[in-house]
Structure formats: structure tokens, C-alpha cells
Amino acid sequence: MTDLHLTTDRATQVEMAAIDAAIDACGLDAVVVNEGERLVRGGIHRANERRHGLLPALHALHNVSGWISHGGVNYIAERLGVPPAEGFGVASFYEMFRMEDPGHINDVVHVCVDAACQIAGADGVIVNLQAQGSTVHRSPCLGQCERAPATFTQGNQGRPDFVEADAVAVEGRIIPQQGQPQLRLLRRMGETNPESLDDYVAYGGFKALAEAFRLGAEGVLAELETAALKGRGGAAFPTAVKWRGVLGAGGDQKWVVVNADESEPGTFKDRHIMELDPFAIVEAATIAGFVTGARKGFIYIRGEYPLATRRLQNAIDSARAAGFLGERIAGSSLGFELEIRRGAGAYICGEETALFESLEGFRGEPRQKPPFPTTHGLFKQPTVINNPETLINALQILEHGGAAYSQIGTSGSTGTRLFCLSGHVQVPGLYEAPHGVTLGEIIELAGGAVGNLRTVLLGGAAGSFVGVDMLDLPLTFEDSRARGASLGSGVVKLFNDTTNFPAVVARIAEFFRNESCGQCVPCRIGVVRQHELVIKSAGRSMNGEREILHDIDLAMKDASICGLGHTAATAVLSAIDLGLIGA
Amino acid sequence: MVGLATVFGAGGGTSSYKEIEETDIILLWGSNAREAHPIYFHHLMQGLQNGARMYAVDPRRTSSSKFADLWLGLELGSDVALANTVANYIITNDLHNKDFIAHSTTGFDAFVESVREYTLERGEELTGVPAAAIAEMARAYATAETAQILWTLGITEHHNAVDNVLSLCNLALLTGHIGKWGSGLVPLRGQNNVQGGGDMGALPNKLPGFQDVSDPDHRAKFEAVYGRPIPPDEGLHLTLMFEAMERGEIIAAYVIGENPADSEADIAHARKLLRGLELLVVQDIFLTRTAELADVVLPASVGWAECDGTVTSSERRVQRVRAAVTPPGQAHHDQDILRDLAHRMGYPEWGDPTPEDLWEELRHLSPMHAGMTYQRLEDESGLQWPCPDIDHPGSPFLHGWLWEDDLGGRAGAPFSAVVAQGPKEELTVEFPLRLTTGRALDSFNTGVQSGAMNSPIRYGNALDMNPVDVARLNLADGETVRVSSPRGSVTMPIRVQPDIPVGLTFTTYHFPELVDINLLTNDAWDKRSGTAEFKAASIRVEKLVSA
Amino acid sequence: MTVLEPRSTETLVSLTIDGRPVTVAAGQTVLDACSAAGVDTPTLCYAENLTPVNACRVCVVEHEGSRTLIPSCSRKAEEGMEIKTNSERVRHSRKMVLEFLGSGVDMSQATQLHSWMEEYGADPSRYGPDAERINEPVKIQDDLYIRDYDKCVLCYKCVEACGDDAQLTFAIAVSGRGFGARISTEYDVTLPDSACVYCGNCVGVCPTGAIQFKTEFDLRQAEQWKPEEQTITQTICSYCGVGCNLEMHVQDNTIVKVTSPSDHSVTHGHLCIKGRFGWTYVQPTINRK
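Residue numbers (the working numbering), protein chains in the order written: chain A, 1032 to 1614; chain B, 160 to 706; chain C, -1 to 287.
Hints may be right or wrong, so weigh each one.
[Stated by the list, open to error] So, partial list: chain A residues that the calculated Cβ filter (under 10 Å) puts toward chain B:
#1 L1035
#2 G1074
#3 R1077
[Claimed, not checked] Listed below are the simulated SDA-like cross-link pairs for lysine to any residue, each with C-alpha atoms no more than 25 Å apart in a straight line:
#4 A:K1327 / A:A1434
#5 A:K1400 / C:T9
#6 A:K1567 / A:H1597
#7 C:K212 / B:G210
#8 C:K212 / B:G619
#9 A:K1411 / A:A1056
#10 A:K1411 / B:G210
#11 A:K1400 / C:K212
Derived by calculation from the structure, the hints in this document are not laboratory data.
For every residue, glycine included, the Cβ atom is placed at its ideal position computed from N, Cα and C.
With the hints as extra help, turn the sequences into a complete structure.
Okay, here's the thing in C-alpha cells:
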């Protein structure tokens, strides 16, 4: 790690400046410091402490060069003490990083080809863009299903990344339910200027933090327990248990991590929160730090979310300027800092331990659990990790009390829930409803299906297809589990009977094939064999494939390291069961 | 070995490899273990990964130094000055272990006096290392729970080698970093049986097991087994042998497995002396340069791959070597050649002992080996001496007696007042650059063994120079130059190496057939250890006149 | 009841393996407990001298109360665990892992896997002839070793030996993602151009012949590789004073490769270039007069 060997490739001045700026922004000086002709500070420990600067440095390099150049990797190696083979191995893990010189300096337009965009004509978009001479990259879900087909443009030569639709989405309502009085989580969306701290404070912002200070850590935990808040990422783990675990864990250094790597196909709720109510995340993360004893937090955000990144950064900067971050927050003795880190295109990094690895500067490969993040999280230290939706529920609980919160929804699934409606639906978008609302009701809220509804993909690519017989399903953790489905990340994606299901299901299988990290054998090879079998049997009834697919599913469920493998066959098998394919 | 034996009574590294994995502070002093002792360095890196902090003291920023938290690039040969400055800082800042010093050492007051002049300012002046860095290292070492000092030839290949070692021993005595798990003084040995050679009595003043040849009781024990009187006088070490050759007192030499015609410092002189002998017998596996000078060459087998026996490692671990292949042609095992020689010289009672028979004899004469049977060496993956009886598990570390109430019946360990002296050879206008030598990862000593391997990473022989010196002399990377010392000159290519300080040059000694580097090195040697100053010569580098 | 050498002062942990009570020292793994119970567990990415990465999943066992199977190599034994090693679920996952590997990777030299494949009834052919395979050409870039990634099961052992677990050289790493993940130098530069220092510790840990000594490769190519005729002799390296244990593999009085015992306290199975390859001069055919 320290007696580095570099090839002769050298970075350009522009690359060096960009890399330096990114690493400086992480607060990291050079790994090797010449303190005199006969005195050099360096070594393993300094290299280890700087490894987390790798991903930001790679982003900076890619942004100015349009690829991860050899010289750039060598320069990063010298700055951070990351061996070039490791730097290469990490960079090549991510979808957003090109590892070969493209031979041009164009921006790259990522076009989503996952289900909502697939049925909304993504292929046509690609053909048109290519005809115009654009450089196109077929991308997995970009988290913009409500405005399918979606694109995201990755800047080159220092130009910023952007989403074309962000620039035009200013007219009319920002969200379908905007301004409705029953809204809780979404109440500020469209009503406040997301770049204004004053607006946020005027609209009830930082009241929860004040309440947290008044209650103390134990008081906050008691409210969370009364509220029975469960995580909204898919695992439905009680938030109070998680926070209490971190509070009780030993060690001086603890961390808050906001898992904003929203990548589950069909999901765009966290993007909305970050774009439209970013201060809420800052406030909630600060409360998590206050309760658990963590003094530093990272927000790990999807690389394909430029607007959310900008608004969150603005929120952090404004909050710090106003004394809501930094030392002695809001006049208290609490010190807390937040820093944003961008992902680089890897679904797996939404898995919490893979996210830690990625943030630390390694390949985003999940860890075997136990040990759990509460004791061995970021940098193997106690870490509370939540997604934005879960976090902003904590604000509700503190503002209104845990008891009041627990009255919303059902006893097993308290509070309201965000649902991402897309596909063949009249008014796609983000909706909030109390747990217990039925699948049919939430679809009606969005104006009903377009055409003759055939199936709903519930919970995302890791969820399952359900038939119209499930429209009466109350959307709760317990009811969905009882009927063999999952709410997942709140995805409600509709498909009518005109859908080319073999193509949709094949794409889901391809998604998992592309997104498996490759670490464990069952998933690395299982998703390939699954995809091959789905393609092979397309448009005809299944023969022996069905049995093999079940065998694959069982092995991936039982023997994979993480949730990606555990759920990689769920949607495919549900499609077979429903007769969408292979019938 | 002399330095450690002087202070502690035993000339062996004090600590097990495992201990470096669990220590808190490491001073790597004059050792490029990353290349010269790569597997020891694995243990060291494990220690770093477990949280240990390392300070590397070396004139060059070696590949090992790059793993250190701080590299202190002292002036070549200023080791005693640095150690004394560290000692003075520890004392003046009241960081010394007073209980340990009072109980386990002697000569502290005189030692305090001897280092009084080595203030930080003076230390910086003498070593070139900033005072703050010396203080940082001193404080880290003194305040650590456990700490080790490791060294290799950077300490011992100097004219004042023993002083260098003594000055490091002083630091351990000052802080109590000796005689307990995780702390210690570790000289890393350069060959697989440097330690074992000493253990077996291949020292001018010792019988096997470090028993003094001057002690009549020790001699009597050996005489009883050998059936011959043993001369009570000390013998000569290698450097004294060459001096005796010069005086005509030694006229014949029997050289076994050594290549002094390539490896001695000031090699031209050494070759002349070897040529002048009346009889030179060389027993070796190759026709080395020394063998080329010999009257009789006895082809031998490869000790570690074609013979049975034992060797002793840097952690005092005695391990078995075994014959994996049969030797070619006329080559014979060393012990068989010696046996045949003994028979022909009229000693039939020598018999025909097996390696194990010889080991059994040793085991009964050397108390520290008494518990090591071949079977135990086999079953327990080697044993660390001392291992005095058959039930003894071997000794992971030495000198635990320092912490015993009665010091195990011994006197305390003595501090040594040591005066800093620079290299014997001063820099002059004529020879303004320092030359030091060392090992490369994929090569070994004079290259007779490692040279056969087709290493993809061998860069050959080059003189490493700082870019500033290269520019000053108007040279280019890879250019062939003339390198001269007061003793001779060679031509060789240079290699630009930013990690080497201005004014210092470095090369390996692995390719004598390409560059006779020991034509340049200084044979000024330490009177006590007999080691020559390979590590510091004065040289001049010149552009070749273009042809 | 079997006790696996618990070190004196350590606490003990009791669990059951297939119903048999076993006691191991705290900190030992479920795999250790299986061994203590006399249960043979297939492993591939596990090695006693490397940190378990639990990537291959062939050692999975069923743990009462866990939703999924658990990797025995990395999971620490816990008090009261009830472990099943031969249940239908365990046998199924082990079979599938071996079957998956057989369907994508050249396992011809991974002889130990062959018997396990038979035992678990793995049938790689059922994915058909079109199932995607690794398909990598052999890399021969120097005289010391070759890399044949068509045989690579991505067990991470070579990366660990080159990196954190021994050498800290980091000449190779895992690159790419998913089925496209490969062991690679930076940008796939040749080994001599990389940070490689030719310690051969990657070769020492490779379970499938994907990284191989050139001597072995050449003999295999010539169909002269005869492991059954080889002797293995343990001795000590002569190149420095560390005292590394060498295992000399000899065929026809010729050294064909050198390894080191992974359970030895000096080397933990790892060597440097001199110990691994510095034996050339011993060969009678070379340089000895």
C-alpha cells in the first residue's frame, strides 16, 4: 500500500488540478509529506486514512477527462496511497466510469431502459439521440419513472452533469398531491423554496431538533419506540432498535450515514425528498447524530441525481452558515457535520454494507452479516444508516409525538408511506398515504390505470408482479408479507395488457445480471443463468427451465451474501406464476 | 552478536516474529527488511495493520521506510549520535523507566553524563534529522507500552559497528523495552545460519552454545567428549585472518562456503592476499572467484537442499534442513568431506556419524540446545533456544530475568557510554560523494545463487543517485560513468532515484561479474566484531570521456 | 464430545453439529467446529492463512433460526448454535455452487472439486452448450508463472495474498463487476510492468491452477506433470536469516516447484521471490561444475 509501483503514464495538469480539488474538498492532505530533505511522513496509516477520498477523486478525474485515464489513476495513487491496481479495480466496478479512452469529448446521455421507460419508448429516444449524434449509454433505472422515458447527461471536459427534465419541471404542480392538508412527509414539497433555509424554518423546520434537545437521547428513543417506526428501505427494521444499538455500542468514533443511493428500479421518493425538502434530511441526520453519539455524517447519494446533490449541498452549506451544523448547533453543546459522497452507478451500493465499502474507497461489495452496522459499520465503527424517507418520519414523530404517530396506519405498520406510481397509470408520481391503504385505492389516487390493467410490479425489481386479484391488498408490512408480496421501497408500477412481458421480464433479469457485484458464486453465476433461461424460453411455454429457475432461486436465496441475490429471482418467478411469461 | 553479548550475555535476537505483530512502536534502524527479509517484513506489516507505529531510520528512503509513519534520513554513519540524542531527550524529559533502571541495569549515572552533550540541537547538527522529529521518535518509543528496535547491516557494517549496537541497547535499557513479550532488540540475520554458526561455536572465542573457550570448565567438558585438548587461546575472525596473511603468519586457508574474493571490502587487496597463500583449499558448490584462486577445490553439496542438518534463524529457532535432491557428479556433503579428510589425516575414530549423531553430541555439550531432539524439531516446527531440557517449550523471548526480583542471580545489564564517530573515511574535494551498499529484493550477496534465477524484476547493477547530484554532474539517467574511491575505480550505469538524499549514492553488490563494487568499499573494520565498513565509502562520479 | 485445542485462558463455546455436541474456543469458526465434529466441509475460497472472504459459498451450513444459510468459514461459533451440515437445503446450495462454477469455468485442474461435484450431484451440462463461460486466453509474460483466468473461480485468494493478508504489494485486484469481474493488474498491464514482485504467493494459494508456476505449466503442456511421482521435502531457505520453511516438490531428482506450509509460524505459507524461485542454481543441469 505504500511502496507503490507506477507505470510511466502521467496525469495532465487539468487532471491533477481536478483530482487535487476533489481530495482537498474531502479535507485530505497528501499521503506522503516531505517535511524536509531527510524527513518524510507517510506509511500505511496515512494511506488507510485517505482511502475514502478515492471515489470523489475518480469522479473528478472522469468529469474532466471523460474516462478514468491511466495517468489519472497514477496521480490518485500518489495523492492517496491507493495502489493503481486497486484504483483500477474500484473504478471499473462502477457503471458511470468509462475505463477506456472514448476518443471524443462528448457528454454522455444515459437513457433509462428499465420497465417504466422501456414501455414508454426508451428505445425510440435512443434512436433519436443517436441520429442527432449524441453519445448514448443504456442505463438502468434513473429514478425518474414519473417522467419516463428518462435521461441523465454526464458532463465531460469539466461540464456539470444534468437532467434535462429538471430544467423544465417548473410549471404546475411539483407533486400530484401538492398542498393537500393531510400530507405529512410531503407537506413542504412545492410549497417552500427548497433552496431557502428561511422557508424551511418558517414551515416548521428545526422544530424537531429543538424537541430532540429537550427530550434528550433517551427521550427521543422512547418516542421512536412508541411510534413503532420501521425502516422504509425494504427490510422494515425498527428504527429505535437500530439507533439504540449505535448509542450503546462502544468506541469513540460513530457515524451517521444517509443511504440516498436510491437505485431500486421504479423508486424516486428519496430523490423527491432531497430535491424538494433537503433541509429535512439535514435536520433528521443531525438528530440521529445527537441520539447515537455520532459527530459526523455522510450522505451517500446516487451519482445520477445532480439536482438533489446540488440542493442537499446548498442545504448543508446554508445550515452550517446558520449554525444548524458544525460546533454548538443551535446554541447547544452538540457538534455535528455532514458531507455528501456521490455514488457512481451501482445498484448494489444501496445495500448498506456495500455502501460502506464504496464510501470507504473499496469496491461496493457487500459484507457478510453479522456483524451488523450498529457495531461494525462505516470504517468498521458503530454506524446508524437510514434512508431519507425513514429519517424524515423521525421529524414527524418528534413534532407530533410518538403516540399520535402510532395512531396513523395500522398497529403493525404505523405512519404514512410514500408510494412511487409509474408505468401504465394516469398520473404517475409520488404519493403519500397512511399504511393500510389498499393497492386499488392508491392506484385510484393516481387516476387509475391506463388501459386494461394486467399486473402491478410491487416493491421494485426486487419485488414481485401481482395480479388484479391483489388490488384489495392493504399496503402494510404485515399484509404484504402474509400474501407473499413486499412493499419494498414503495414501488407501484402498472402494466396493462398491451405490455410485451417477455421483454419486460427479460430486462429485469438483465438488470440483475448487470448489477450483481460478482462477489459470491450463487449470485454472480445464478443471475447469468437466469437471464439466459428467460431469454431462451421467451415467447413459448417453459419446459425444464421452470425447474432450473426454481433451483437457481433457492440457491440464491439461501446462499448469496446479500439481499440482491436473495431477491434476484423473485420478480421472474412471479411473472411465470402469473402467466406473464412461459405460459 | 558482540554488542548484544556484551550487554545481555547472549548474542541472539531477543524476540519472536510473532511479537512484532503485537508491538506498539517499531524503530526500524538501518534495515531494508522489505527487500532483504521479506517474510519477516510480513510479520512487521501485520503489526502495522494491527496499529503499531513505525519510525524508519536509514540514510535512504528505502522501500521499507515507505511503510513507516516517519522516515528519519540520518547522515550516513551518524547512528550513535542519533541514539545518544534520543537517550538524552528521554532522560531530560523524564521519560525513562526509573524503576527498571534502578533494578535491572548498571552504569546509569555515567551513561547520563556520556549523553549530556547530545542535545536536540547537537543531534540535528550531527545527524541532519530535524530536532522535532528526533523528539517525536524518542517520545513515541519511551512512552509506548511495548516497543522494538530492529536492525540489519546498516548498523553492523560500519567501523564502529559494536558502538552502534551498544547505543541501541542503551535505549532499551533506558525504557525497559527488553525482556518482555512485544519488546526487544532484533538484529535480522543475513543468511539462514548466521545465528546457527555462532551457536555452533564458529566464533574465535566461543565453543558451541556460546561457551567461552577461555573457561577451563567449559573446555574440560568438550575435551572429555572430543578426546583432545582444546587450545585456550582465542582464534582470529575473518578480518584478523587477512591481517595475519599480510604479516605472513597465515600461509594456508581452508575456505568452506565463503567467497571472500568477491565479498571482502577493498577486494583488490583481499585477492592479492589470497593469491599469496602457500595453500588455498576451497570447498564450495560453485567454482567461485575464490575457488578459481585455490590449489584444491572440493565440490560440495547444497546445504539446504541436498543435505540433512539444522540451521538457526533470527528468532533463535533451530529448524531442520533436509535433502530434497541428490547432489550432482562428484559433489559431497560437507560433513562427509570433513570425515574423509579426518580419516586420511589419520583419525579413524572420527567414524561415520550421521547428521543426527553430530546433533546429539552438540545437544549434550551445549546446555541451551539440550532439550532439542531431532524428533522435537520435527514435531514442533523447530524450537527457539534456550531450550535446556526435553520438557522445555523453548524461549520465545530472551532476558526475562531482567524483570525477576533477583535478576536470576545475575548482575544488571550495563549501560555503555558510546561516543559518536562518523565514517572512517571523510568526504574530500576529491571524493565528495558517499557510497553505501545493500541488497535488492530478488538478489543475494554476490549473486552466485540468485543469479541463476531469471527474475523479471532485476534491474541489474546501477548507481542510484539523487536527481540534484545527477544534474550537477551533467549526467543522464542510465548513463555509464566512472566511479572511483581512494582504492580503485569501476564503470557502471547510474539510475536517477529521488528517494535517496543529495550527496548519497547507493548500489547493490549482487553483480561482481558486472561491476566489482568492492573495489571501492572501505575495509576499515570494527576491532570487536571484525566487520568491515561496507556501508560508507567516499567516492567520485565522473562522466566517461566520450569515445 | 470433541475439544479442539482451546488455548488455556480462553472461554469455550458449545454448539451442536448435526446434533453432536462440540466445544471450541471462543473466536473459532463454525468450520472449525465442523472439523472438530469430524464433519468434512467443502471449501474453495477458504484458506487457513488468509482472512475468510466467504465468497464461494460452498461451505454454507444451515443454522437454526437464520433465514438463510450461513458461511461456515467466516461465521464465528456461538453458544447454543444448532448447525446442520447435510440438510436438503445445504446439499442443494452446495450442489448449485459447484454446478454454476462447472458451467462457466475450466475446473479441469481443480481435482478436489471433482469429488465434491460427484458427491453433491452437480450437473453443469444442464445449462446447455450456450451457457456463457469465462473464456480468457492464457497469459505467459515471464519465466516464473503463467495466468490462465479461464480457470479462475474468483475466490479472491490471490488478491488477498498479494494484498492485505501477506504481501501488501497490491499488484492485482478484482476489476469489473458481476460475471465480468476478473483478477487484473491496473489496465491489464503485464505482470513485469505491474507492481508484482514475484513472491508467487498468489500461485501458492490458487486452488484451480489459474495462476501456475511456469515449471508446472510447461510440464503439463508436455504431459510430463506427474504429481504421483513427486516427493515433497521440507527444508529451510538459505537466502536470509528469517528461516522460511520450504516444501521442495521434486520429480525425477529435479525441483519442479516450491511451496511453504500454511500452518507454519514463520511463513504462514508465504515466501519471497528468492525462496520461491531461487532454487534454480541447485539443479544439476545448471551452473554446477
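Do the hints match the structure? See the list:
Interface hint status for A:L1035: upheld, as the beta-carbon distance to the closest one in chain B is roughly 8 Å, under 10 Å. With a cut of 10 Å, the hint placing A:G1074 at the interface with chain B holds, because the nearest CB-to-CB distance is about 4 Å. Checking A:R1077 against chain B: minimum C-beta separation of about 7 Å stays under 10 Å; hint holds. Only pairs whose Cα atoms come within 25 Å are accepted, and A:K1327 paired with A:A1434 is rejected, the gap being roughly 30 Å.
The straight-line distance between the Cα atoms of A:K1400 and C:T9 is roughly 23 Å, inside the 25 Å bound, and the hint therefore holds. Restraint check for A:K1567 and A:H1597: the C-alpha separation of about 23 Å stays at or below 25 Å, so the hint holds. Distance hint between C:K212 and B:G210 is unfulfilled; the C-alpha atoms sit about 38 Å from each other, more than 25 Å. In summary, the hint linking C:K212 to B:G619 is supported, as the alpha carbons are separated by about 23 Å, within the 25 Å threshold.
Between A:K1411 and A:A1056 the CA atoms are separated by roughly 23 Å; this keeps the pair inside 25 Å, and the hint holds. For the hint linking A:K1411 to B:G210, the alpha-carbon distance of about 14 Å falls within 25 Å, and the restraint holds. A C-alpha spacing of about 40 Å is found between A:K1400 and C:K212, which places the hinted pair above 25 Å, so the restraint is violated.
When each numbered hint is compared with the structure, violations occur for hints 4, 7, 11.
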